[in-house]
Amino acid sequence: MIKKFIEHTGLAAGLARDNVDTDMIIPARYLTSTSREGYGKNLFKELREKDPDFFLNQERLGEASILISGRNFGCGSSREHAVWALMQAGFRVIIAESFADIFKSNSERNGLILVSLQREIIRELLERAAASELVLTVNLEKLSVSDRQGNLISTFEYDPFRRYCLLNELDDLDYLLSFKAELMKFRTERAEKLFLGGEDGES
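Under our numbering, the first residue of the sequence shown carries the number 38, and numbering increases by one thereafter.
These aren't lab readings, by the way, just hints derived from the structure by calculation. Be a bit skeptical, because a hint or two may be false.
[Said to hold, decoys possible] Calculated pairs, DMTMM-like style, for lysine to aspartate or glutamate (alpha carbon to alpha carbon, straight line, at most 20 Å):
#1 K40 x E74
#2 K40 x E161
#3 K82 x E117
#4 K179 x E194
#5 K141 x D196
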């Protein structure tokens with residue numbers, strides 16, 4: 038079952054680049070496991086090794102649960118491991134200008150919240166995250182992003198079906214099963230009408 042999401046407040050970390058691909062997120066050499074667990078420790082492994090100032094190497098951002106980045110985040114291969122790695126490392130929300138389609142689909146299936154904002158707002162958030170501690174609240178019910186003081190930063194759009202499922206803790210199968218009682222009632226009533234000669238049973 039997908040994890041319920043209404044609102045999340047967390048420390049935001051910035052990754053100021055476009056086209057962050059899945060191999061950057063979780064390098065292919067760490068995908069040998071047959072399990073879905075254990076990927077978080079290798080999140081952005083190569084970037085962390087090359088850059089001592091990378092955000093995951095900064096103690097102040099150790100508890101970050103919101104990641105801010107540029108356009109086309111999650112491009113590259115279709116590997117679902119990228120989403121698993123982000124979530125297992127503690128990230129609940131990714132805020133970016135845009136997302137690759139397959140990454141977006143994988144995120145929706147796993148309950149990783151993707152928020153698309155305009156480039157100017159992304160730039161401002163990246164600057165704020167680099168300068169000092171930035172705590173954000175992402176509210177899926179209100180479709181809003183706010184700062185620690187409660188000031189509205191931006192609203193955003195979200196697929197209505199996916200939003201409904203997240204707010205009600207439903208995956209695709211749960212959503213279909215939620216209509217089971219209504220479907221059974223419809224079939225019973227229709228069978229009774231057919232038996233009595235109504236609807237399609239009329240000659």
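Hint by hint, here is what the structure shows:
| no. | hint | in the structure |
| --- | --- | --- |
| 1 | K40 x E74 | holds, 17 Å |
| 2 | K40 x E161 | violated, 30 Å |
| 3 | K82 x E117 | holds, 17 Å |
| 4 | K179 x E194 | holds, 10 Å |
| 5 | K141 x D196 | holds, 11 Å |
Hint compliance for this structure: hint 2 is the single one not met.
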